[in-house]
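**Student:** Given next are the chains, with one letter for each unit.
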Amino acid sequence: MKRVELIDVSKSYDKQVDVISNINVTIEPGEFFVLVGPSGCGKSTMLRMIAGLEEITGGTLKIGDTVANHLTPNKRDLSMVFQNYALLPHISVQQNITFGLDVKRMKKEDQRKKAADVAEMLGLTDYLDRKPRELSGGQRQRVALARAIVNEKPICLMDEPLSNLDAKLRAQMRSEIRRIQRSLGITMIYVTHDQVEAMTMGDRIMILHEGKIQQIGKPIDIYNYPANPFVATFIGSPPMNLAKAEFNEADQQLVLGDKFKISVPVEEIGKLPRTSMTVGLRPENLYPKTSDKKEGDVFEVEVTNVEILGNETIFSFKLGKEEWMAKWSGQWHIDIGDRLSVHIDFESLSIFEEKSGELIKKTIDYGNYVANKEVSS
Amino acid sequence: MKRVELIDVSKSYDKQVDVISNINVTIEPGEFFVLVGPSGCGKSTMLRMIAGLEEITGGTLKIGDTVANHLTPNKRDLSMVFQNYALLPHISVQQNITFGLDVKRMKKEDQRKKAADVAEMLGLTDYLDRKPRELSGGQRQRVALARAIVNEKPICLMDEPLSNLDAKLRAQMRSEIRRIQRSLGITMIYVTHDQVEAMTMGDRIMILHEGKIQQIGKPIDIYNYPANPFVATFIGSPPMNLAKAEFNEADQQLVLGDKFKISVPVEEIGKLPRTSMTVGLRPENLYPKTSDKKEGDVFEVEVTNVEILGNETIFSFKLGKEEWMAKWSGQWHIDIGDRLSVHIDFESLSIFEEKSGELIKKTIDYGNYVANKEVSS
Amino acid sequence: MTFWRKSVDGRTAILYLLPSVILFSVFVFYPMFRTIYLSFFLTDQNGTPAINVGFENYLYLLGSSEFQNSMKATGLFVFYTVPLTIILALFFALLANEKLKGVGFFRTMYSSTMGISVAASSVIWLFMFNPSIGMFNRLLSLFTIQQVQWLLDPEWALISVSISTIWMNIGFSFLILLGGLQNIDEHLYESARIDGAGYLYRLRRITLPMLSPTLFFIITISLINSFQTFGQIDILTKGGPSQSTNLIVYSIYREAFINYQFGTASAQAVILFIIILVVTILQFKLGERRVHYQ
Amino acid sequence: SNSDSKTDESSSSTNNSSSSSEGNNETNATVEEKVTIEFWHAMSGTGQESIEKIVKGFNESQDKYEVIAEFQGSYEESLTKLRGVGGTKDAPAITQVFEVGTKYMIDSGYIEPMQKFIDKDNYDLSQLEGNILNYYKVDGELYSMPFNSSTPVMIYNKDAFRAAGLDPEKAPETFAEVIDVAAKLKTADMYGFSMLTYGWFFEQLVATQGGLYVNEDNGRSGDATEALFNGPEGLNVFRFLDTMNKAGTFGNFGTLWDDIRSAFATEKVAMYMDSSAGVAGAIKNAPFEVGVAYIPHADEVKRNGVVIGGASLWMSKGIAEEKQEAAWEFMKYLATPEVQAKWHLDTGYFAINPKAYDEQNVKDKWAEFPQFKVTVDQLQDTVPGLATQGALISVFPESRQQIVTALEELYQGKDPQEVLDKAAEGTNRAMEIANKTKK
Amino acid sequence: MGLLSKIWIYFLLLVTSAFVFFPVLYAFLISFMTGPEIIQGKFLPESISFENYIKVFSRLPLMNYLLNSFIVSASVMLGQLLVCSLAAYAFVFLKFKGRDFIFFLFISTMMIPWEATMIPNVFTIRKLDWFNTYQGLTVPFFALAFGTFLLRQHYLTIPKELHEASQIAGLSRFVFFWRVVLPVSKTSLVTLGAYGFLTTWNMYLWPLLITTNKSVRTVQIGLKQLQSQEIATEWGVVMAGVIVVIIPTLILLFLGQKQLQKGLSQGALK
Ligand SMILES: Nc1ncnc2c1ncn2[C@@H]1O[C@H](COP(=O)(O)OP(=O)(O)OP(=O)(O)O)[C@@H](O)[C@H]1O
Ligand SMILES: Nc1ncnc2c1ncn2[C@@H]1O[C@H](COP(=O)(O)OP(=O)(O)OP(=O)(O)O)[C@@H](O)[C@H]1O
Ligand SMILES: [Mg+2]
Ligand SMILES: [Mg+2]
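Protein chains in written order, with the numbering used here: chain A, 1 to 377; chain B, 1 to 377; chain C, 1 to 294; chain D, 1 to 439; chain E, 1 to 270.
These are computed hints drawn from the structure, not numbers from a lab.
The beta carbon of each residue, even a glycine, is placed where N, CA and C say it ideally should be.
Honestly, I wouldn't trust all of these hints.
[Claimed, not checked] Derived contacts from chain E toward chain C, CB cut-off under 10 Å, selection only:
(1) Ala27
(2) Ser49
(3) Leu66
(4) Phe70
(5) Phe141
(6) Leu205
(7) Lys224
(8) Leu253
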């Protein structure tokens, strides 16, 4: 249980300056902190700085209460899952897993037991005597994970630790990691590209983009109230649909991409800027037209693409130049070129100021369903 | 455009026999063939055999019309994205990408143009002069992808080519790969762990488990009619819930895990075996109770875990010893320990014979919604 | 010395380097300083400095046609032996790097020349070069080609010595290069093979670049070693005929151990040292830039 | 100092006991009382075998002294080693040094002149071969005990002589005769004459004409300062070789003993100069009849004879007195006719004690191989004088190298006088430095 | 690999290795010849006789020499491996001021001809009183710029991630060195080991200069004792000696090359 604090931390490489710039964040002891961001935004770099593998070019890193900028990695008392595994090629899986324990001179007997436990958990029991090169990609990744877990260090850094596992195993691992992290009170910093991991595992998420923090917050808050269009499109899959919009004073309507005209409730009118703005709408909020909907907010769109995922169907259509997507539960028999009616609630729109990207109208907390109540929509 | 045919193909390593056993499959010219299976099931091995990197220990591999068992890789005229990228560390990204073109003595000028095009597409333009070690994990993966794409070979093998990319980029890549594959008529064999990729990209999916084929078919068919419980739980996330069930002759009810008693429509009774069976139910088919449902198939469950993913909520409960999961659209405020009512349709159940695992009752084709019709449930 | 204390790495480095540093100081640097010191003296027959002559030894050497000849011979010798040894050794190493049954036997054969002392192998070569009974001349006469006075003809002697030297060094270079080849990750070839790269292409674009640290090493070492060749000269030609194989180190040896002129011997050693130093610095400056490390 | 030497003796003897247990010594019980001395030699092959037998004989012949013979590498190498320990108590009691090292040894200060023991012991020197002793005597004092001595001889192929219609029993004696015979012997495959490219043979050919190598009476009356070998005698030799070389009757087989010997054995050359110690080998290896003759001399002078070559034994200074005594006893043993006979037969080196030639085993051998007698006759026929006493210079090895270079250049067709002068110049410079730096 | 290319490679292997091995084979044949056969330049012995071998063994305490050589060579090998791998580690994995300079200083030690330093070293050994000891034969060779250089080149190819992962696992520098760097560098260690062993095995001048008796003498001195200068050398015996001395080294090379394994660092990274 240790706090990790980054104060104004920056990082430049020879070939690329400001890979990370002015990061300020405090990761609380025992927190599960998830780091997401597009490929190449600096996530691994940040982890590596915290681990002490990469020099910090600016700012201060505190681990616990000590400034750790110049602490060597082995003094930082943390464990890490490398994005590229970094297994020791010359020793067996078992030895790879217990390597850190052996260093601490734990008894061989105990080591074996621990290794067996964690291998059991990760489905590696049959592979303990193999060399890493005799494993499949996913198996190697699990070894890397096992090695970090078994050490039980107060801080653990994981860089996309589940990226090469299948969905089933991944689900299992998610809950195992979470369980271990909670039961040992580990401070976890976790990089992932997986929406589900990001949404379900973290106490907080931080979204990084081009080395800058975009937003930090609880997963659900970020989902519901993204601080800017970037976050809006980054979290949630398919991403939130965006369009330029303007308020038409005459009709008291919001015009999206010159096409969707959405009537604005009176009490909201005052809050809207009169300049153009960016409007966001999550695909799942483009509802199929139901009988009880009034005509006003129903629009007809032409399907340009359809994907059936099994339990949901995603289709795209054009809104101006933007491609919008809608996600409907279940399997829909939709063909490209079909014309569908969708309806949009003003409440479910997120509205951002165009220039600064600031969120000016939040979507409603439409998760307000209460257990044991019946569903309305 | 070439056919790839595997006839009775098997593979053993020194340390592990029958990594792949008796694979029979024909991949049609121009087909997008997706290979999925749990980690370590032999997917990469199969690709590597097709590529000629791994000796085939048994059976025949045909590429086009020629037996290719002993053809060297360079004679097979295919390209491949390696699970571990296999980039050449000593040359730049640009050179890595154009390696195959250079081999074919394409003019430098043309090479550069092609590399620039594909780099543009994959967002690598800024990194063309870097060495692979100066790239982030995802960037490296994109280089590996670029290298395979740029070659425009009639057969392309991709081993988890998008695993290290963020959701947004991944969605983009998905459609790009699909587009290129279609426009060039490439025969694609594609390994993935991603449900969305598996469901949306492939013309057919093959599910592999412990080196054996479990099922081959169209994605949606596999989703709807999994051939056995393994496939049922492997495709779809969260996985299909399974439980042992028995038919109670007296009540004419199907009893799931001693708890859920589901009335069976008369016309179905004859089809059910009288011995015990395995019943599967997809999480999304555990509907929230709505007012219009009759009491009979509504059950009360105690929530043991909740995950809110943003646009959907997953909660778990115990059914006997099994943990079942339900997935509801939207964000639900559910707490652990809450008691919820869910309802189950007999129609949405998949029923497998217990011993052989054979599917004896399919779920209904509940994707029967027609565009422009209104939603009922 | 204070900067040492600045970092833990620095202090650890001292510890790790200590054995080497102590041994080098005692057995290399001390004698080297002694050599430099002696090079400014004329020594008596017991090798103790007698008369300080300043740079006279150097001036004498640089003006002496014999020494110039030595330098020229050494340069030629290096030029004859180093590239060929490395190319041949590389060729053998590439052959022996293939995964084939019984390749261990061939590896042993290739490296066998390393197992024979310079003295023993020189004797063997002496036999083969022998003008009357040697293999080579008998082969030539078999094909009725004009016989060659291998070691007796000033035109040929250096070439003959070079041939035997190449043979003697090949085992060593082979072993080093084979080690380097073994160290290249097999995976790197996979993608190239799929791309359709042929053997030579892979050799040029993957093997050689990935082998570059080893190549750099073996070139540097071979250069240095070649400048210091001694044993085979002593046995095969004793510097003759007409000084044509009087390589610098042999000349040093003769000056010191036969003529007991430690002053000029030392001066020669110092000049040789400077030459090798310059060559090596050049090699590092030009070469290491092209070396690819992980 | 006595106790000093005692302790180091015991330490050295324990040191040696470890070797003797592995080696071939069998004197374990009495090792404490015996005085043990080391004898460093440079004899390898058959020479070493013979030495070891002799040493064994000595050790068994008495019980006061124990000699341990140790091979120390070539003459140059063992001299280099001696310089490391010379004059200290670590020095061996006896060291074998080649003849050209004589001047160096005398000047080194490491050694005790042999004359001291001869005088003390009233040893009768006259029993030894005078022509050998001459070389090692400086100012009438004997500095070292001659040991392995050899002289050059001319060896020829009698069968070839017959084939060329020459009398195989009459070898050519003068330069002109040799030139003449060589021309007759020359065939497509065979040269007429050859000589190892080695300074020693040149010295001999100069000396047999009565020519001096250096000034100051061949370096015997003072430190030599100037080379004389480029005088008329030396020039004779070079012309002699040059004539044949130009005529194509001379075969150049380089600087290695074995090359020239195999050339002879394979009938590539009909006459060549070899060491007397090489005669046995030549006879054994040749598939034809071998003749041995005196070395040739210039026509205009009478033959002076040969200079002794090989090596002698030196006694160290600064070691314990009883060790010196032991060494002296051993040297005396060495000089006995029986030992010398054995030595002569084993190796082909001369017996330093001519009485050895009266031993039966020698007589038997000579009867079988009359060629051996020629070598001894040539030595005994030598006219004593400054020339045949041999030159005494400290830079001999360097000078010999100069001669080798001169010969090689001669064979390349350069002017005899020119190359000789160059060699003389080099020798002069070397002598100058040596004299300058001498303490 | 196709059959054709296999045949082709075997052919090349056979021809070239025969060329390389020919001189050794020639020596082997000579070792069975009698003196006249050799000096007359025969290529094949008329009869296989072991006389020369018997002579070698009877003339020299060869077993004793071989044992000494083995002890000395093995010690030098181990000493070099240790000292060089430590130094190379410092040059690759530790950052300190003047690293490149010190490295170059190390390299510069290779440029000094050994012949030039030999005499002072003999004096040093004498001052240390190491004449006729194994220390004297071995210790001066423990530090080897060549070996340090060789290992440095190898260490530089070790993926840096392994260093990083080890640091994170809390490995001390030494443990990392001992448990990761050394095993992963096996090929180079084997190469260096072979080099160290064989060069020491083949060393002549140094052992000669610092031994004065048989107790610790090595086999090359023994070989030299078989040759003479003025008296005709029995080359058959010498070659028999050469063959006897080569055999252990060939065995060692055969065993050593088996340790040169492919892909020791394979599987480390994704
Ligand atoms: N060189 C080898 N020696 C022995 N077994 C091996 C070797 N390489 C792979 N295996 C085993 O073969 C099985 C299949 O490996 P493969 O790499 O094909 O799996 P995969 O399906 O690609 O898995 P993943 O999704 O984890 O990449 C695994 O159990 C693996 O441990
Ligand atoms: N050694 C280096 N030299 C120069 N630039 C580098 C180096 N290593 C990384 N970079 C650059 O720094 C940026 C951040 O890299 P980083 O590895 O932190 O990305 P990431 O967020 O982990 O991405 P991914 O999700 O793809 O792994 C990238 O643009 C990358 O190209
Ligand atoms: Mg990363
Ligand atoms: Mg795989």
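**Student:** Against the earlier hints, flag every one the structure doesn't satisfy and list their numbers going up.
**Tutor:** 2, 3, 4
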